[in-house]
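Undergrad: Listed in order, the protein sequences are those of chains A and B. The numbering of the first sequence is our numbering, which starts it at 1 and goes up by one. The numbering of the second sequence is our numbering, which starts it at 313 and goes up by one.
Since the hints were derived computationally from the structure, they do not count as laboratory data. One or more of the hints may lead you astray.
[As the list claims (entries may be wrong)] Restraint-style ranges between C-beta atoms, simulated for each label pair:
no. : chain 1 : residue 1 : chain 2 : residue 2 : range
1   : A       : Ser10     : B       : Asn530    : 47 to 55 Å
2   : A       : Ser39     : B       : Arg522    : 45 to 53 Å
3   : B       : Asp539    : A       : Met1      : 20 to 28 Å
4   : B       : Val552    : A       : Lys311    : 22 to 30 Å
Bear in mind that the values here come from a model prediction, so they are computed numbers and not experimental data. Using N, Cα and C, we set each Cβ at its ideal position, and we do this for glycine too.
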Amino acid sequence: MSAVILAEFSDGKVSKTTAELATLAARTGDVTAVVLGNSQMAAQILAGPIKKVIAVDNADVLAYGVAAAVDALAAVIAQESPKVLLIASSAFGKELAGRLAVRTNSGLITDAVDVAADATATQLVFGGSTTVHSKVSHGISIITVRPNSVDPDLTPATPEVSTLTSPTSATSQLAKITSTQAPVKGGRPELTEAQIVVSGGRGTNGDFTPVETFADLLGGAVGASRAATDAGWYPHSMQVGQTGKTVSPQLYVACGISGAIQHRAGMQTSKVIVAINKDPEAPIFEVADFGVVGDLFAVLPQASEGIKARKS
Amino acid sequence: MKIAVCVKQVPDSWAEKKMNSGRLDREGVDAVLNDLDEYAVEEALRIAEAHGGNEEGSSNTVTLISMGPERAAEAIRKALSMGANNAILISDVALAGADALTTSEVLASVIKAEAFDLVICGTESTDARMSVVPAMLAERLSWAQLTFAGSVKVNPDAKSVEITRVTESGVDTITAQFPAVISVIEKINEPRYPSFKGIMAAKKKSIETRSAAGLAANISAWSDVVDATPRPARGAGIKVEDGGTGGDALITYLAEKKLV
Ligand SMILES: Cc1cc2nc3c(=O)[nH]c(=O)nc-3n(C[C@H](O)[C@H](O)[C@H](O)COP(=O)(O)OP(=O)(O)OC[C@H]3O[C@@H](n4cnc5c(N)ncnc54)[C@H](O)[C@@H]3O)c2cc1C
Ligand SMILES: Nc1ncnc2c1ncn2[C@@H]1O[C@H](COP(=O)(O)O)[C@@H](O)[C@H]1O
């Protein structure tokens, strides 16, 4: 069997998710990684169980987005005839996977947290309360995988690199991207890839300093509730929850967040959950492994001092 | 403009959800209009209102399209009372448990038969949570895909539409000509509450129910659920009052868990 993965890049650098996808795909067959980009990007694929790299340097993906990426991946599929196709779960990844499923008449499973050798996918649904195993029964097993779900196999890779040119069809040029603004990153780890996420909500009252300080001491990413992004205190790209990102870190720290169901939908599968909230009745405590009933402006600075003391 | 809005009835977000023979058990829980679709209805109404309204006799109509059980009519009624003109409900036992591939096929076959200018969706159904149906519709219809819109600007004379696409990858401005499939994020607007007048008017509006028989759609299953098992509830853990040492207690806990 052969499997294709779509390599993930962030700020032009290959991201850890690529090796995670390869690790899962390798259970099902020999892995070919597709790079939507040039050969310099392809040359960065140096880790993970990857046999081949195909670079599709298609500028149309920048000009036409998802539709052009569908054409590029369809060309790779026509050449490689994979049994399994793994793509990272993101807005772009899921839409790409969905359109490819239509185009190749294949089944689709989204937001998997594991993939077995026979391409059975594991999903956690209903806010993490139910584990579902499903299997594609028709065509290619197209599966989108949540970042941070497996320990990546980082053995050095020496893949054979080739390039493929694929024209973008006229229908894929119907929607034209006229300008692009990259998300604000601020030097912290990618939210969905981070091992530790510290999030702030309305309780920060707009002052994220203690949240950021604590996150930085732990090497974590900073997230926010919708109340915080709606208020403009933090960018929308940092929102955790149903209409934001789904994160599944080793440690999630919710500060001044009540724990509405829409917020919980995006963080409930975190390994360890910590909550700091003034209100002992806040629903976030129902899912917290460790909760501090208190003011985040007192608790977080003391915790930050505690880390500094341990480090020195 | 002829605008279609795809709306879905879903179990209430707060309801406890269970699986029954590999499918979501929809019988035992309260069902509501998918709240993300309310933003799609609101945006369609605003687009119509900005260009002459959608009252009888005006040049705009807002048609709801939904696939689901017959009781989905309740959710559709809510969207009608917000101000949509009419609705088509595709309801058939053959469609129970349909996945996104079938759903998009059924919706696309209905949309194809009418000459819509724009189809507007929510970004996600709160039960399936796949966020793929709008993109699949664009693929099936060979229409422009304008999804994850944080704002929509329509020019009916030029038959053009421009959106800002807001995702984790940043903010893009995207333009296209009609017809186009749009999905809207929840930050785009504040959905209106149905007025008393709207609720009364909705009672008289028509919901045309169709079976799957007349559709040019291939209804099939592309994937199977092997099993579904409830996970042990995430028991409430340790909770301490911050009597001045809450931060220290937290660090002690994290150290025990080897997280610091
Ligand atoms: C369609 C839809 C989609 C949504 N999607 C999302 C989503 O993706 N993500 C999301 O987060 N929400 C989402 N929401 C919103 C969600 O329902 C809640 O409104 C939101 O999560 C509340 O944010 P919050 O917890 O920060 O604010 P609040 O609910 O106002 O909670 C603030 C908390 O801070 C505590 N607090 C106040 N001051 C302090 C202090 N000094 N120290 C400690 N604690 C303090 C309070 O006790 C309170 O519990 C969505 C809603 C809808 C309708
Ligand atoms: N059964 C359905 N009937 C009508 N519209 C639907 C249906 N399922 C999904 N949609 C539309 O597609 C959007 C995304 O749904 P999903 O891909 O299931 O997360 C929803 O917000 C709806 O606008």
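Undergrad: Are the hints correct? Go through all of them and say.
TA: Hint by hint, here is what the structure shows:
1. Take A/Ser10 and B/Asn530: their Cβ atoms lie about 38 Å apart, and the range 47 to 55 Å is violated.
2. A hinted range of 45 to 53 Å for the beta carbons of A/Ser39 and B/Arg522 is consistent with their spacing of about 52 Å.
3. Judged by the Cβ atoms, the range 20 to 28 Å given for B/Asp539 and A/Met1 holds: they are separated by roughly 23 Å.
4. The hinted range of 22 to 30 Å is satisfied by B/Val552 and A/Lys311, whose Cβ atoms lie roughly 23 Å apart.
Of the numbered hints stated above, the single one contradicted by the structure is hint 1.
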